[in-house]
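Colleague: Taken in sequence, the protein lines are chains A and H.
The first sequence begins at 114 in the working numbering and counts up by one.
The second sequence begins at 114 in the working numbering and counts up by one.
Fair warning: there could be bad hints in the mix.
[Unchecked claim] Stretches of chain A that chain H covers, calculated by requiring three or more beta carbons in the stretch to come under 8 angstroms of a beta carbon on chain H:
no. : stretch
1   : 114-128
2   : 161-173
3   : 214-224
[What the hints assert, rightly or not] Lysine to any residue pairs mimicking SDA-like chemistry, simulated, CA-CA at most 20 angstroms apart:
no. : chain 1 : residue 1 : chain 2 : residue 2
4   : A       : Lys157    : H       : Pro307
5   : H       : Lys157    : A       : Leu306
6   : H       : Lys196    : H       : Tyr293
7   : A       : Lys196    : A       : Tyr293
8   : A       : Lys157    : H       : Arg259
9   : H       : Lys157    : A       : Asp256
10  : A       : Lys157    : H       : Glu252
11  : H       : Lys148    : H       : Glu246
12  : A       : Lys148    : A       : Leu137
13  : H       : Lys157    : H       : Ser147
14  : H       : Lys157    : A       : Tyr293
15  : H       : Lys196    : H       : Pro307
[Claimed, not checked] Pair ranges (Cβ atoms, derived):
no. : chain 1 : residue 1 : chain 2 : residue 2 : range
16  : A       : Asp145    : H       : Asp235    : 33 to 41 angstroms
17  : H       : Ser147    : A       : Ala241    : 17 to 25 angstroms
18  : A       : Thr158    : H       : Leu290    : 41 to 49 angstroms
19  : H       : Ala241    : A       : Lys148    : 41 to 49 angstroms
Hint data in this document are derived by calculation from the structure and do not stem from the laboratory.
Backbone N, C-alpha and C fix where the C-beta goes; we use that ideal spot for every residue, glycine too.
2 protein chains.
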Amino acid sequence: MRLYDFELSGNCYKVRLLLGMLGLDYERVAVDSSKGETQTAAFKTLNPRGQIPVLQDGDLRLWDSMAILVYLARRYGDPERPKGPWLPSDAEGEGRVMQWLALAENELLYGLARARSVLRFDRPFDLAACQAEGRAGLEVLEDRLRDRHWLEGEGATIADIACYPYAALAEEAGVPLGPYPAVRAWIERFAALPGYQSMPGIRGG
Amino acid sequence: MRLYDFELSGNCYKVRLLLGMLGLDYERVAVDSSKGETQTAAFKTLNPRGQIPVLQDGDLRLWDSMAILVYLARRYGDPERPKGPWLPSDAEGEGRVMQWLALAENELLYGLARARSVLRFDRPFDLAACQAEGRAGLEVLEDRLRDRHWLEGEGATIADIACYPYAALAEEAGVPLGPYPAVRAWIERFAALPGYQSMPGIRGG
Chain A
114 MRLYDFELSG
124 NCYKVRLLLG
134 MLGLDYERVA
144 VDSSKGETQT
154 AAFKTLNPRG
164 QIPVLQDGDL
174 RLWDSMAILV
184 YLARRYGDPE
194 RPKGPWLPSD
204 AEGEGRVMQW
214 LALAENELLY
224 GLARARSVLR
234 FDRPFDLAAC
244 QAEGRAGLEV
254 LEDRLRDRHW
264 LEGEGATIAD
274 IACYPYAALA
284 EEAGVPLGPY
294 PAVRAWIERF
304 AALPGYQSMP
314 GIRGG
Chain H
114 MRLYDFELSG
124 NCYKVRLLLG
134 MLGLDYERVA
144 VDSSKGETQT
154 AAFKTLNPRG
164 QIPVLQDGDL
174 RLWDSMAILV
184 YLARRYGDPE
194 RPKGPWLPSD
204 AEGEGRVMQW
214 LALAENELLY
224 GLARARSVLR
234 FDRPFDLAAC
244 QAEGRAGLEV
254 LEDRLRDRHW
264 LEGEGATIAD
274 IACYPYAALA
284 EEAGVPLGPY
294 PAVRAWIERF
304 AALPGYQSMP
314 GIRGG
């Protein structure tokens, strides 16, 4: 298996987290999206959207972190895992997990990740608007996690993996996590999962 | 089944399309997000994100169009449908469909839908930047559809349903579809599917 990967991308980190937690070996191909390396014609033959991550697994090539999380969980995740699967196969369970993948693709990505990209990579977005959207996402997580350990079910799922990176990187987005104690506790809990790895900029990482 | 719905929302329209194509009866509760009706405390007990659509099916309440599409396809879609399921259950098939749900949640939503919201609902986003992102999404669709009828597999899937509304509403976003003949042909093909319904602003709708 091969992952086209940029160490400082939270979206790539989601995939590295799941690969690590599933105990899968893979080859990393470093692509620096901050230097335009995803915008070349050669890279766009791998992903027409010109983005990382891209996963190659045998004949299958998949782009997009969300699609890759779903694929890996379905293909390599143990459906009999004691605290429940990484991605349930029943309609209700899968729909519930998808809610949090949607939060990750919206408030967290267009809020927290974009705000971080302004401060970290000098991207031209409206910092205050992105931070406000990111805080709205953190409030939803905070409410959800106030009385539970994981976003859905009894154990961590790809819902947690999808939401974790940009929440844990929130301080790099200029959004301190002080007002979100349940999110901070979940971040600590997440970092104790077997197979966890950190990345630069992560709280305590 | 009950759908909290706004007629002019492309995200709600995705859910109405699938409900119609699956032949499911439901009650519509109209919520006008353009007048702030999703931002009330009462509405936020239904969806903490303050957004439509929300689906209530028996005891299950789900928010987010993507999560609802996945749930409905899995719960009510015929897995033995002649041209393939609305959402495959095998890892590769599901991962491939998810790629297009990701395009719908990113370039199409933050590009085309946001540009439309500037022109249609006077929202405060950067119109030119949103239109550029929307065109990038349409180019990916155009390349994909040049030599195939549907985004994945032999028949329409929730990949097509997720991408269709904001592509078909592109002219309301100030993005003419002239340069995208394969997208236009797919839009015509989609509108001929059994159970199809239109919405205001859709090409030919």
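Colleague: For every hint, state whether the structure bears it out.
Modeller: Each hint, compared with the structure:
no. : hint                                    : result
1   : 114-128                                 : violated (count 0)
2   : 161-173                                 : holds (count 3)
3   : 214-224                                 : holds (count 8)
4   : A:Lys157 - H:Pro307                     : violated, 35 angstroms
5   : H:Lys157 - A:Leu306                     : violated, 32 angstroms
6   : H:Lys196 - H:Tyr293                     : violated, 26 angstroms
7   : A:Lys196 - A:Tyr293                     : violated, 26 angstroms
8   : A:Lys157 - H:Arg259                     : holds, 17 angstroms
9   : H:Lys157 - A:Asp256                     : holds, 12 angstroms
10  : A:Lys157 - H:Glu252                     : holds, 12 angstroms
11  : H:Lys148 - H:Glu246                     : violated, 27 angstroms
12  : A:Lys148 - A:Leu137                     : violated, 29 angstroms
13  : H:Lys157 - H:Ser147                     : holds, 16 angstroms
14  : H:Lys157 - A:Tyr293                     : holds, 19 angstroms
15  : H:Lys196 - H:Pro307                     : holds, 13 angstroms
16  : A:Asp145 - H:Asp235: 33 to 41 angstroms : holds, 39 angstroms
17  : H:Ser147 - A:Ala241: 17 to 25 angstroms : holds, 23 angstroms
18  : A:Thr158 - H:Leu290: 41 to 49 angstroms : violated, 25 angstroms
19  : H:Ala241 - A:Lys148: 41 to 49 angstroms : violated, 25 angstroms
Violated hints for the displayed structure, listed by number in ascending order: 1, 4, 5, 6, 7, 11, 12, 18, 19.
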